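Starting from the structure of chain G, add chain F where the hints point.
Number of protein chains: 2
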Amino acid sequence: MRKGITGRSRSVKKSAVKTVISVDAMGGDLGVSVVIDGMAQAATKTPELSFLVHGDEREITPILAKRKVLTDRVQVRHTGSVVNMHDRPSHVMRHGKGTSMWSSLEAVRQKEASVAVSCGNTGALMALSMIRLRKAKGVKRPAIAILWPSLNPQGFNVVLDVGADIRADAQDLKIFALMGASYARNGLGLEWPRIGLLNVGTEDHKGKPELHEANEIIAADAKTNNFKYVGFVEGGDIPSDKVDVIVTDGFTGNVALKTGEGTANLIGLRMRQAFTRNIFAKISAMFVLRNLRYLRQRIDPRQVNGGVFLGLNGTVIKSHGAADATGVEAAIRLAYQLSQLGFNEKLAARVAYGLHNSQDVFDASNDPLAEPDK
Amino acid sequence: MRKGITGRSRSVKKSAVKTVISVDAMGGDLGVSVVIDGMAQAATKTPELSFLVHGDEREITPILAKRKVLTDRVQVRHTGSVVNMHDRPSHVMRHGKGTSMWSSLEAVRQKEASVAVSCGNTGALMALSMIRLRKAKGVKRPAIAILWPSLNPQGFNVVLDVGADIRADAQDLKIFALMGASYARNGLGLEWPRIGLLNVGTEDHKGKPELHEANEIIAADAKTNNFKYVGFVEGGDIPSDKVDVIVTDGFTGNVALKTGEGTANLIGLRMRQAFTRNIFAKISAMFVLRNLRYLRQRIDPRQVNGGVFLGLNGTVIKSHGAADATGVEAAIRLAYQLSQLGFNEKLAARVAYGLHNSQDVFDASNDPLAEPDK
Chain G
1 MRKGITGRSR SVKKSAVKTV ISVDAMGGDL GVSVVIDGMA QAATKTPELS
51 FLVHGDEREI TPILAKRKVL TDRVQVRHTG SVVNMHDRPS HVMRHGKGTS
101 MWSSLEAVRQ KEASVAVSCG NTGALMALSM IRLRKAKGVK RPAIAILWPS
151 LNPQGFNVVL DVGADIRADA QDLKIFALMG ASYARNGLGL EWPRIGLLNV
201 GTEDHKGKPE LHEANEIIAA DAKTNNFKYV GFVEGGDIPS DKVDVIVTDG
251 FTGNVALKTG EGTANLIGLR MRQAFTRNIF AKISAMFVLR NLRYLRQRID
301 PRQVNGGVFL GLNGTVIKSH GAADATGVEA AIRLAYQLSQ LGFNEKLAAR
351 VAYGLHNSQD VFDASNDPLA EPDK
Chain F
1 MRKGITGRSR SVKKSAVKTV ISVDAMGGDL GVSVVIDGMA QAATKTPELS
51 FLVHGDEREI TPILAKRKVL TDRVQVRHTG SVVNMHDRPS HVMRHGKGTS
101 MWSSLEAVRQ KEASVAVSCG NTGALMALSM IRLRKAKGVK RPAIAILWPS
151 LNPQGFNVVL DVGADIRADA QDLKIFALMG ASYARNGLGL EWPRIGLLNV
201 GTEDHKGKPE LHEANEIIAA DAKTNNFKYV GFVEGGDIPS DKVDVIVTDG
251 FTGNVALKTG EGTANLIGLR MRQAFTRNIF AKISAMFVLR NLRYLRQRID
301 PRQVNGGVFL GLNGTVIKSH GAADATGVEA AIRLAYQLSQ LGFNEKLAAR
351 VAYGLHNSQD VFDASNDPLA EPDK
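Protein chains in written order, with our numbering: chain G, 1 to 374; chain F, 1 to 374.
Okay, chain G solo, but in the shape it has when bound (with noise of 0.2 Å):
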C-alpha cells in the first residue's frame, strides 16, 4: 500500500515549484491567531509551504510579525468584511464580495494558488465555491468528504458527503462513489478502494427507492473504475475494515458525522470522570498516563481535521470552526499534499471516465483516459 494523506507523505517530484495555500484568516471561532499559528506549524514542518492569507491586515499583521517561520512566505491581502457563522448561504451569495472568504476562493480561481483553507461557515463556503470555481464537469452535486478514524490498516475511512447538500439522488451518489474512490485511491494510496452505500440494513429491500437504483448504477459501473463495490452498510460500519468509502446524501452523512463525535466526547468526558473523580483515581491515572496518551493520540479528531470539497474546479478545504492550531495545521498538510497530487485534475478525469463509460461493456486497455487518477 502506498502511504498517503494518513501517513507519510508519497514522493513527490522536487522540481514542483512552491506550493502557495490560501487561507481564510476570518470565521474561525478561535480568532485570527490560531489560524496564523496552524500555518506557522504547517510551515516548520514543510519548507515548500508559503501562503496567500485574506482578512483584515490590521489584525494579521501584528500576528505575523511575531512568528518568525513565516517571515517572506506570506502574502496578505486585506478584505473589510467577513461572513458569519450564521449568515445565510443565500445571503452571503448575493453579498459575499469583499470578504475574506471571497478572497480566499478567488485566488484559487486565478491560479495563484492551488488549494484554499477556510475555518469559516460551511454552507457560505460551499455557496461561494459553487460560484467562483464553478462545478467540474458532470457534478451536479458537489460533496463534503472527511476522513472518519476506522479499523482499518489506513486508519481511516472516507465519507462523503457530509454535508454540501441535503439531497442526493441515485446519479449523485454514484458520482460521490467515484469522487470518493478517487479520494481513497489518491488521498490512502489505496488502488481498489471498497465502497459502500450508507443504509438501514444491508439486504437488497431495505431503504429509500433513490438507494435501491443507486445500488444496482454503482455496482455495474465498479470494475470500470477500478473500485469494489461491497453494497449496503450501516451506521456501525462507518469505522469498520469492512469498507473504505461510504457514500451518503449530505443530511444523513451530516447527522452521522456529528453524532459521532458527539458519541467520542460524550465517552472522553466519562473517561475523565473516571480518572478525576477522586485521589485514588487521580493516583491511579498517574500510572496510565502514557496509555492514555496513547489512546488519545489513535482518537484524536484534531489530527484529521479538513472536509473536502469534491466535485468543484478547484480544491477547497473546510476546516472545523473550532479547530485550534493543531486542527488549521492538520488541514494545511492535508491541502498540501493534495496540492503535491494533482489531486483536482485527477479527480476530474476520473468523474469524467465514469460518466462516459457508465454501464457500457468497455475495454478499459484501449481507452485513451484508462486509469487517469493514478
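Keep in mind the hints are simulated off the structure, nothing from the lab.
Being a predicted model, the structure only gives us computed values, none of them experimental.
Any given hint could turn out to be false.
Because identical chains share one entry, a pair is satisfied inside a single copy or across any pair of copies.
To be verified - Listed next, the in silico PhoX-like pairs over lysine-lysine satisfying Cα-Cα at most 25 Å (straight line):
no. : residue 1 : residue 2
1   : K206      : K135
2   : K68       : K45
3   : K282      : K140
4   : K66       : K45
5   : K18       : K223
6   : K346      : K111
7   : K45       : K282
8   : K137      : K18
Frame of chain G, contents of chain F only:
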C-alpha cells in the same frame, strides 16, 4: 424528579396482580438459552414477574428445567416456526402465523400478557405488531424509541424513530414528539421534557421542507401538551443535556444509532489496545481497574437494551438481536416497568389529547382528558 426506568423503580401499587411478560424465545443471535438466562436474572430480582414463553418447547423445556427461579412462573407456548433475521417483513406478514414472534404478540392482543419482548428481526416484529395489535388512534406511523446515554441528570435521552419506518412527514414527527414526551414523562420521570427536532443545523432555514413544517407545528403544540420545544438540534446534541427527547425519521435515527454504537465500539477497542499493547501497559492497567470498571458501567449499552414500539394498541419491546443475558434482562425489566406504569394507556390518551387540542387556544384546566399521562 421522579425516578423511572433507569433509576430505582417508582413506587407501584403492591395490590397489582402478577405481571406477565410475553417472551419470544427464538430469533435472537445467541439462541434460546441466553433469553431464558435473561428471564431468570429478571425473575430473581422481581418476584412479581411471570412469563409466557413462545418457541420450540423441545429446546425451551430442558433449559427451563435447570433454572429453579423460573419454576412455576413460566408457561411455554409451543410454536413450530421462527422468523429469521433476514426474512423480509412483507414475507413475514403473509406467512408469519405460527411463528414464535406471532404467538408472543397474540398473547398481548388477547390480554394474557401486558408487554411482548423479542430479540428477533426488527422489521418483521414491527410488521406483525401492526397487523396483530393495530396502530393506536391517530397514529399513521408507529415509532421505535430508545434510551441514549446522555449528560442529563436522568442519564439518558429518548431518541425516536430509530427504524420503524424510513419515512416521516411533518405530522408524523409531531406525533413522535407527543409520544416521545409521554415516554420521557413516564419512563424518565420528567414532567416537562425538552423536545428537539434532529437537523443538520440549528438555524431555522436549515434542512428539508418537512422539518420546517414540523418545526412550526411542534412549537405551536408544546405548551398544551406539557413539553418544552427547544427547536432544531444536531447529531452532537443527541447525548447532550440541551434536550431530553430527540425526534427524527426512522432512516436518520437508525443511522445515528448505529453510528453512535460503532463509534463507541471503536473507542472501546482502542482503549483495550492502549491497556494491553505491552507488558507495561498491562501492569499499569491493574492500577486503574476500578476506574475502568466505573467507566464501563457508565457507558455499557447492555444496561439500556430495548427499543420500545410506540403508537400501537399494546407495548412491544425489541431487544438487540445480539443481546446477552444481561441485555435480555434489561429489556424485560423495561417491559415490567412500563407495564406497572400503565404506560400504553397513558400514551394513547396523550396522543388523543394532543391531536384533539392541536394548535387550539385551549384551557387545559377544563378538559376531562387534562394531563392524561401523569
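Hints, verified against the model:
| no. | hint | in the structure |
| --- | --- | --- |
| 1 | K206 <-> K135 | between (32 Å within a copy, 22 Å between copies) |
| 2 | K68 <-> K45 | within (14 Å within a copy, 69 Å between copies) |
| 3 | K282 <-> K140 | neither (54 Å within a copy, 53 Å between copies) |
| 4 | K66 <-> K45 | within (18 Å within a copy, 67 Å between copies) |
| 5 | K18 <-> K223 | neither (37 Å within a copy, 62 Å between copies) |
| 6 | K346 <-> K111 | within (17 Å within a copy, 65 Å between copies) |
| 7 | K45 <-> K282 | neither (36 Å within a copy, 35 Å between copies) |
| 8 | K137 <-> K18 | neither (28 Å within a copy, 69 Å between copies) |
Going down the numbered hints, you'll see the structure goes against 3, 5, 7, 8, while the others check out.
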